[in-house]
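J.: Chain residues, written in single-letter form:
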Amino acid sequence: LAKTTQPISMDSYEGQEVNITCSHNNIATNDYITWYQQFPSQGPRFIIQGYKTKVTNEVASLFIPADRKSSTLSLPRVSLSDTAVYYCLVGGALNRDDKIIFGKGTRLHILP
Amino acid sequence: SAVISQKPSRDICQRGTSLTIQCQVDSQVTMMFWYRQQPGQSLTLIATANQGSEATYESGFVIDKFPISRPNLTFSTLTVSNMSPEDSSIYLCSAGNVNEAFFGQGTRLTVV
Chain A
1 LAKTTQPISM DSYEGQEVNI TCSHNNIATN DYITWYQQFP SQGPRFIIQG
51 YKTKVTNEVA SLFIPADRKS STLSLPRVSL SDTAVYYCLV GGALNRDDKI
101 IFGKGTRLHI LP
Chain B
1001 SAVISQKPSR DICQRGTSLT IQCQVDSQVT MMFWYRQQPG QSLTLIATAN
1051 QGSEATYESG FVIDKFPISR PNLTFSTLTV SNMSPEDSSI YLCSAGNVNE
1101 AFFGQGTRLT VV
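Going line by line, the protein sequences match chains A and B. Numbered by the working numbering, the letters in the first sequence go through residues 1 to 112 in order. Numbered by the working numbering, the letters in the second sequence go through residues 1001 to 1112 in order.
To be clear, the hints were calculated from the coordinates, so they are not data collected in a lab. A portion of the hints provided could be inaccurate.
As the list claims (entries may be wrong) - Calculated lysine-lysine pairs in the DSS-like style (CA-CA distance at most 30 Å, straight line):
(1) A:Lys104 / B:Lys1065
(2) A:Lys52 / A:Lys3
(3) A:Lys104 / A:Lys54
(4) A:Lys99 / A:Lys3
(5) A:Lys52 / A:Lys104
(6) A:Lys3 / A:Lys69
(7) B:Lys1007 / B:Lys1065
(8) B:Lys1065 / A:Lys3
(9) A:Lys104 / A:Lys69
(10) A:Lys104 / A:Lys3
(11) B:Lys1065 / A:Lys99
(12) B:Lys1007 / A:Lys99
(13) A:Lys99 / A:Lys69
(14) A:Lys54 / A:Lys99
(15) B:Lys1007 / A:Lys104
With these hints in hand, go ahead and build the complete structure from the sequences.
T.: Written as structure tokens, this is what we have:
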């Protein structure tokens, strides 16, 4: 399983776009990149997943450069309710029974 | 998607006793996992609950301390045995795979 590195914490203001970058230098060819969000007193929840280039859904966008050694989660126009911990995970889609290992995550704090 | 129901949601236990946490999934899933999360920390994988066979434990976790059952594809239990205050933590059940995992709300355990 590829190791991931993220900033420990970030602060931003309501209405801003927030970009959280994750490094995964040892990503394997078949690995996908998945981001989870965890609010206090809740379990993590899936946000977005991608393999390369750009993926967008109703919550976020995920940008993956051609070398796939990093990825950036982009949250548009954040609100106070986006305050949470964001985890970047890398795992093999071909081996769908991979165990799920969490890194330290990024603690995002949105200020009014 | 899958809905994970975990109980109890919280408990306060005396040291030396044991607590069994139940995890029910609303659909059949191949993979189920148990995690521990200390306040302000990331999730640490305890074990993979294998249906019909012994769980696969991560380094630092042993079956005698954390026995796990997985009698079918929708249910698992984790027992925290012979508890000490160091076992105070949030215990989370998860189902799915690295591409999209679903989590219960967690069990907040306090050992006194």
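J.: Does each hint fit the structure? Answer for all of them.
T.: Hint check results:
For the given pair, Lys104 (chain A) sits about 25 Å from Lys1065 (chain B) by alpha-carbon distance, which is consistent with the 30 Å threshold. A threshold of 30 Å between alpha carbons decides the hint, and for Lys52 (chain A) with Lys3 (chain A) the separation of about 18 Å falls inside it, so the pair holds. Restraint check for Lys104 (chain A) and Lys54 (chain A): satisfied, since their Cα atoms lie roughly 24 Å apart, inside the 30 Å limit. For the suggested pair Lys99 (chain A) and Lys3 (chain A), the alpha carbons sit about 13 Å apart, so the restraint of at most 30 Å is met.
Distance check on the hinted pair: Lys52 (chain A) and Lys104 (chain A) sit about 23 Å apart at the alpha-carbon level, within 30 Å; holds. For the proposed pair Lys3 (chain A) and Lys69 (chain A), the alpha carbon gap of about 11 Å is at most 30 Å, so the pair holds. For the hint linking Lys1007 (chain B) to Lys1065 (chain B), the alpha-carbon distance of about 19 Å falls within 30 Å, and the restraint holds. At roughly 28 Å between alpha-carbon atoms, Lys1065 (chain B) and Lys3 (chain A) fall within 30 Å of each other, so this suggested pair holds.
A distance of roughly 18 Å separates the Cα atoms of Lys104 (chain A) and Lys69 (chain A); the hinted pair therefore holds under the 30 Å criterion. At roughly 11 Å between alpha-carbon atoms, Lys104 (chain A) and Lys3 (chain A) fall within 30 Å of each other, so this suggested pair holds. The hinted pair formed by Lys1065 (chain B) and Lys99 (chain A) meets the criterion: a straight-line CA distance of about 21 Å does not exceed 30 Å. With a CA separation close to 23 Å, the supplied pair Lys1007 (chain B) and Lys99 (chain A) stays within the 30 Å bound.
Restraint check for Lys99 (chain A) and Lys69 (chain A): satisfied, since their Cα atoms lie roughly 21 Å apart, inside the 30 Å limit. Restraint check for Lys54 (chain A) and Lys99 (chain A): satisfied, since their Cα atoms lie roughly 25 Å apart, inside the 30 Å limit. Between Lys1007 (chain B) and Lys104 (chain A) the alpha-carbon distance is near 26 Å, which keeps this suggested pair within the 30 Å criterion.
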